[in-house]
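When you get a sec, could you build the whole thing from the sequences and use the hints?
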Amino acid sequence: MDLSEHLFRRESGRMVATLTRIFGVQNLALAEDVVQEAFCRAVDVWSFRGVPENPSAWLMATAKHCALDALRRERTARTFAPEVGRMLESEWTRAPAMEELFGAHKIKDDLLRMMFSCCHPGLPGEGQVALILNILCGFSAGEIAHALVSTPPAIEKRITRSKKVLARSGKLFEIAAPDQFTARIPAVHTALYLLFNEGYHGASPESAVRAELCREAMRLTAVLLENPLGARPDTYALAALMCLNAARLPGRLDPAGNLHALLDQDRSLWDQELMAEGLKFLELSAAGAELSEYHVEAAIASLHAMAPRMEDTDWAKIVSLYDTLIRMNPSPVVALNRAIAIAHRDGPERGLEAMQAIAAPDRLSAYPFYEAALAELHFRCGRYSVARQHFTAARSLARNRMERQFFDRRIEACERHGG
Amino acid sequence: MTEFTYIFRGRNIPASPEERQKHLEKWMSWFKDLGAQGHLKDPGHPLEDAGKVVNGAGKMVKDGPFAEAKDVVAGYIVVLANDLAHAAELAKGCPILEVGGSVEVRPVQILKM
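Chain order of the listed sequences is Y and U. FYI, our numbering numbers position 135 of the first sequence as 1533, with every residue one higher than the one before it. FYI, our numbering numbers position 91 of the second sequence as 114, with every residue one higher than the one before it.
Everything labelled a hint here was simulated from the structure, so no lab data went into it. A few of these clues could be false.
[To be verified] No more than 30 Å apart at the CA atoms, straight line, and that leaves these computed lysine-lysine pairs for DSSO-like:
id : chain 1 : residue 1 : chain 2 : residue 2
1  : U       : 115       : U       : 55
2  : U       : 45        : Y       : 1555
3  : U       : 49        : U       : 64
4  : Y       : 1506      : U       : 45
5  : U       : 49        : U       : 135
6  : Y       : 1504      : Y       : 1569
[Unchecked claim] Listed next, the stretches of chain Y that the computed footprint assigns to chain U, with coverage defined by at least 3 CB atoms under 8 Å from CB atoms of chain U:
id : segment
7  : 1403-1412
8  : 1435-1443
9  : 1530-1539
[Said to hold, decoys possible] Coverage of chain U stretches by chain Y, computed from C-beta distances (three or more under 8 Å per stretch; other residues unrestricted):
id : segment
10 : 33-40
11 : 57-65
12 : 84-92
The model shown is predicted, which means the values in this text are computed figures rather than measured ones. Glycine is no exception: its CB is placed at the ideal position from the N, C-alpha and C atoms.
Now the structure itself:
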């Protein structure tokens, strides 16, 4: 029997979440040790004896045994939750109590509980994302550093610091309380959105790595949708925007890692299945009176997705959606995208005017696509040497080889036109 | 064909879940290949690191073996090969070699009548 892809990584998240509920959040490190031990046993036994019938159940059962050993060993050295303490008082009650703690109805919500706990208000967004990747998605610090184009020590530090905040919070987030759930869910949405964007717009030059980050964000959003309190219009809108954008990933990055602008993407590469799923989520998001940013972004993504050719894009509608979005979130990145949409609707000169009107453009100064957008618009106005200067500036801000190659191709195009 | 015992030592399992799964998959495919080619006589067992060591005429029982990590026996299997050189060649495919471990190849003594 073969193992399903990423089985260990995903089971790691579930098992750590369950054991942390049982051990208490202050014993997160112990939960992680126990899960490590269960995986070592799986590697040992499965490589000699083959994969069991139900690998997930085997892993959880092994984790349960290892947990029992850990509780026996650590009972005096650590403090556990009162119910765990009582359970430890007697050998007779220990096994049935473990069965109860590991029961299917109990472990069902563990992943979601941990997701909400990771989105602790005392943590910055990047800390939340690092925790989600480490605890829920089972990535090591080295793997996260690779995906986010950072260094393992920097990520290690970020994770350690975030785990301290989590451990100090005293207990895991209580997802059964509707008012607390509702208060925390925007932070969860934001963290999942950040995680998705790390994959979609992130700095990693490897398309496989980025697609994996997008898939993890989508998987966790699906977990949120399984909960009746989580299945709200804005969560559906978030899921829609992820599916509709992820559907375009195969056209955005070719297998060689070359970046393609929306203009010259091969639309036949877009993932039709994801597109259909995204449109279905978009429909489900339409309930209720509240319009979230995710609704607007998903609507924009759907207009791109539904245009069979670039020239079929409904730019007028896209501009009006950006007008709405900028009222909700007046960020320079939104303003930049709005200016690009205006250029498509009204021509490059109008687009440049809209770019000049961006408030706080200095916040875009490290973002290569601001310079790149200026360059494209000057290019379309026929000012090839100005375009070339801006592409050169964009190239100096490029975060990886793939982006540099993309800008090199554009600089060459300017030179071909005498720029 | 002759029987050989492979003794695996110093199995240092990688740290991240993804790497672990990859490592396990390599073991599974190595075992599968050995079996498919008729070399796997007995798939053996993995061994726990710590146990007891019973020693000497006094039958002293101690916790152990507490060897250095690279010397700890991690498991064993029995393979069939043409000769010792062939058995050593087959052992080169073992994934333990990628994680700092070793394979000791020992012919099983057969009583010759």
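### Task
Go through the numbered hints given earlier and state which of them the structure violates, listing their numbers in rising order.
Hints 5, 11, 12 not satisfied by this model.
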